[in-house]
Structure formats: structure tokens, C-alpha cells
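Here the sequence shown is numbered in full-length UniProt numbering, starting from 1 and rising by one per residue.
The set of hints was computed from the structure by calculation and includes no laboratory data.
Keep in mind that the hints are not guaranteed to be accurate.
[Stated by the list, open to error] Using C-beta positions, here's what the derived DEER-type ranges look like:
hint : residue 1 : residue 2 : range
1    : Ala134    : Ala18     : 23 to 33 Å
2    : Ala91     : Gly127    : 19 to 29 Å
3    : His29     : Ala157    : 53 to 63 Å
4    : Thr11     : Glu60     : 19 to 29 Å
Treat the numbers as computed from the prediction; the structure is a model and nothing was measured.
Built from N, CA and C at the ideal position, the CB exists for glycine as well.
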Amino acid sequence: MIESDGVDTLTMRKLATACGAAPMSLYRHVATKEELLRAVVDTYLADVELPATDDLPWHEAIQQVILAVGAEFEAHTHLAEIMAIQPVDAAAVLDAMERIARALRSAGFDDNGVRSGLATLSAFATGYAHRRAAYRRAPETRAHRFSRLSAEPVRFATLLSISAGDTLNTPEASVLGSR
Numbered sequence: 001m002i003e004s005d006g007v008d009t010l011t012m013r014k015l016a017t018a019c020g021a022a023p024m025s026l027y028r029h030v031a032t033k034e035e036l037l038r039a040v041v042d043t044y045l046a047d048v049e050l051p052a053t054d055d056l057p058w059h060e061a062i063q064q065v066i067l068a069v070g071a072e073f074e075a076h077t078h079l080a081e082i083m084a085i086q087p088v089d090a091a092a093v094l095d096a097m098e099r100i101a102r103a104l105r106s107a108g109f110d111d112n113g114v115r116s117g118l119a120t121l122s123a124f125a126t127g128y129a130h131r132r133a134a135y136r137r138a139p140e141t142r143a144h145r146f147s148r149l150s151a152e153p154v155r156f157a158t159l160l161s162i163s164a165g166d167t168l169n170t171p172e173a174s175v176l177g178s179r
């Protein structure tokens with residue numbers, strides 16, 4: 001239901017109807033919609049295979065973890081949307097955060113730096129995945145943007161010049177952009 005209609009349209013009543021159950025019966029399993037969404041994230045991310053990162057340079061460790069989680073974001077486009085609207089404590093998310101925190105610590109960041117780094121990287125990864133999902137759902141957005149840039153080539157000269165090589169919003173691009 002989330003994959004086809006989106007997170008915003010999910011209600012306990014709609015889910016119960018789709019399952020052929022009474023709405024109140026769902027509350028025997030989950031107390032709130034937020035708890036249901038946490039369970040969805042847990043389910044989707046349960047199979048994430050995080051790479052061994054202890055022997056990698058810190059920046060490569062972070063990249064590999066984000067790519068592993070990003071692959072699930074690609075497969076299940078609404079994960080980023082769920083993670084952007086509520087805190088998630090899925091085991092896979094916590095494992096990924098632990099590996100990133102260790103990498104930041106190995107790079108010499110203090111506690112504040114690690115916290116800031118985690119917050120920044122989390123926002124980047126979920127925001128980037130959310131943006132890519134939006135472009136996939138509405139491919140005309142890219143064409144519209146190019147049209148807008150082309151209409152004012154002097155004003156948007158730099159953006160126009162780089163747009164031909166814009167692979168960040170294509171399916172081939174990785175979570176961290178093209179190499």
C-alpha cells in the first residue's frame with residue numbers, strides 16, 4: 001500500500017480494509033501509525049548487508065555503508081520518506097550509524113563532530129534518496145528544469161552548462177553521485 005499510494009495516504013483504517021480486518025484489530029499489533037511505519041522500515045532493512053568497514057579508510061567506510069543502505073532506498077523508494085518524517089530505530093539503521101560513528105571517530109572527530117557528522121550524513125542520505133525517488137515518479141521534472149534553464153541561458157549559464165552531464169537524478173547514479 002505504501003509503495004503504490006505513498007506514506008501520506010496510509011491510514012490504519014485503509015490498511016485494515018485492505019487486509020479485510022476491522023480497523024481496531026490492527027491496534028492489537030501496533031499502537032500507532034508511527035509504530036507501524038517503524039515496523040515497515042525494520043522489515044525492509046532487515047536484509048541489508050552492511051560491508052565490513054573496520055579495515056577501510058574512514059571516508060571509504062562511510063561511503064560503503066551509505067551505498068549499502070542506499071541500495072534499499074532504491075529498491076523501496078518510500079523508505080527515505082518514512083525516515084525523513086520520523087525517527088527510526090531499526091536495527092539496520094543503528095548498525096549503519098554505529099559503523100559511520102566509528103569511522104568518524106577513527107578520523108579524529110570528537111563527540112560533537114561525530115554527532116554532527118551523523119546528523120549531516122543521515123540528512124544527506126535520506127534527502128538524496130527522497131529526491132531521487134521523486135524524480136523517478138515524475139521524470140518530466142528533469143525536462144521541465146532543463147526547459148526553465150534554457151529559457152534564461154545567461155542567468156542560468158553554469159547550471160545549463162552542467163545539466164547535460166547531470167547523472168545525479170538518473171537510475172545509474174549511486175547514492176553518492178556518479179564517479
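Here's how the hints hold up against the structure:
At about 25 Å, the CB distance of Ala134 to Ala18 agrees with the hint of 23 to 33 Å. Between Ala91 and Gly127 the CB atoms are about 23 Å apart, so this pair conforms to the stated range of 19 to 29 Å. For His29 paired with Ala157, a C-beta distance near 56 Å keeps the hint of 53 to 63 Å intact. Separation of Thr11 from Glu60 is about 43 Å and departs from the stated range, judged on CB atoms against 19 to 29 Å.
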